[in-house]
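Using the hints, position chain R against chain W.
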Amino acid sequence: MSIYRELILDHANNPRNTGIIVKKTKTVLVFNSLCGDKVRMDIVFKNNRVADIKFIGQGCAISKAASSMLTEYAKGKKKKELKKLTKTDIMNLLKIDLGPNRVKCALLPLEALKKLLIT
Amino acid sequence: MIDPIVLQKDFPIFSYDKQMIYLDSAATSLKPACVINKLTEYYSQYSANIHRGIYKISEKATEEYEMTRKETADFIGAQSQEIIFTRNTTESINLIAYTLGEKIVHANDSIVASYMEHHSNFVPWQQLAKRKNALFTMIPCTLDGKIHRDLEKYVTKRTKFLCLTLASNVLGTINPLPSIIEHAKRINPKIITVVDAAQAVPHIHTDVKKLRCDFFAFSAHKMLGPTNVGILWGKAKHLSAMPPFLFGGGMIKQVTKNRTIFADVPSRFEAGTPGIAEVIAFKEAVRYIKKIGIDAISSHEKNLCQYLIASLIENFGKRCVLLGGSKPRNRVGVVSLNIKDIHPHDIAAILDERKHICVRAGHHCTLPLHSSLGFDSSLRISMYMYNSRNDIDNLISALHTAISILS
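These protein sequence lines are chains W and R, in that order. Take the first sequence: its position 61, counting from 1, is numbered 61 in the numbering used here, and each next residue is one higher. Plus 119 on top of the position in the second sequence (first one is 1) and you've got the numbering used here.
No lab work stands behind these hints, which were simulated from the structure alone. Please read these numbers as outputs of a predicted model, since none were measured by experiment. We put the beta carbon where it would ideally sit given N, CA and C, even for glycine. Hints should not be assumed to be uniformly reliable.
List of simulated lysine to aspartate or glutamate pairs, DMTMM-like, C-alpha gap at most 25 Å [as the list claims (entries may be wrong)]:
1) Lys-54/W / Glu-72/W
2) Lys-104/W / Asp-228/R
3) Lys-54/W / Asp-460/R
4) Lys-38/W / Asp-495/R
5) Lys-446/R / Glu-178/R
Rough simulated footprint, nothing fancy, chain R against chain W, three-plus residues with beta-carbon under 8 Å [to be verified]:
6) 3–11
7) 50–62
The following label-pair restraints were derived from C-beta to C-beta distances [to be verified]:
8) Val-22/W / Arg-448/R: 46 to 54 Å
9) Asn-101/W / Gly-444/R: 23 to 31 Å
10) Gly-493/R / Arg-40/W: 14 to 22 Å
11) Ile-371/R / Ser-2/W: 28 to 36 Å
12) Val-125/R / Asn-101/W: 26 to 34 Å
So here's chain W without its partners, still in its complex pose (with noise of 0.2 Å):
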């Protein structure tokens, strides 16, 4: 099964929540040091829920949908509810089985949104 499916394909070439914050609460770079990707992720925060959330990236299809599905999926979330999210929560958003070199790619936007919700 191919893991460029039509969800991913919809995500990775027209993503939603792309962009910077400019009155975020936080910001966060962080790097795939396999292959040199990055992803900025900027999130707002109200009464402990995420108001806002967008992101810029370099970065391959696989790491585009998540960070866009990511996004999407946090919107209007509480912070204590998203501290929970996993590897499999990511697996089970995007509906793909990936090898693990490619996890990595998925689970970059999982290690930025992890890092805003460090308070």
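Below, chain R alone, put in the same frame as chain W:
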């Protein structure tokens, strides 16, 4: 003339996966049956330790191990006693940095490397410079994939090491090291030159004496040999004056409670039990390459390279950007590229998924080179004696598929 289809019969992996097209030999090469069989021979017939047993199979293992040292030395125009076995090129270079480097580099000295270096001939020197408060200077690359020749700007009388790659693992460029080294020695006769030859020895004729370098490092696994064998060649006068790198068994002459007299070169630098089977089997790789002929391998790769570049331009035009440009230059069988607006990871994944084509995507351990050329990553196609034009035709057709899926 090489017939890759005939050669493929010597490589068992091709009968294991008949569809596979392997275009990642710059990462590691495939292994012929003679190398694999030699590993088995050691383990099943004389699997003793070396340099110590007073019994026949240990003597046999020692003899086989030392024979590889001789074959390796002959292959690069060196003397056996100047060949040190390590684990890989990275360890070979660290060995120099941690022994001679620690001894001769002082504050305000400089170490010079090029932007073309693999991290293995880059990070050890950058870190040594940091430890010593020395200057770490980098020679840039031109956009058409060559090292800048204005050495006077970088090399000074205080430069202790000049560290350069003989063939680039990204651009494929074969650097004109004999003239660069000569030039550097004119500026500073005491300069120590360290050549990373990991991408050169498997593909072109090399001779350490003609290069006039001081150290020369490469890896067995990129030239049909087993993993975990690195080779360091150094001029005898340097090696004999160098302190050991790792301490312990096998590298001593005498040990008392308070002092140790170290063994002579090369044992001094081969502490602990080495990769005996791997070193022994490595000579079969060298012999195989000699049998095929290193010059025949070079010209086979050159032909494939020209064919690949012409096919890329014909099929993808300006959408395909070649690192180091498309002008012909002296090179080994390595071509790196980007297809505009598509990440190389995605292309590589589809090539594998659809056609079992193995290529490398990423920065290939050359982040400074990639950023100096304005790229984050690239797709690398690297070829060897067992690759054919048919492999390239298949690659081009799979690239069309990948582009249509990802655009």
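Hint numbers contradicted by this structure: Hint check: 2, 5, 11 fail, others pass.
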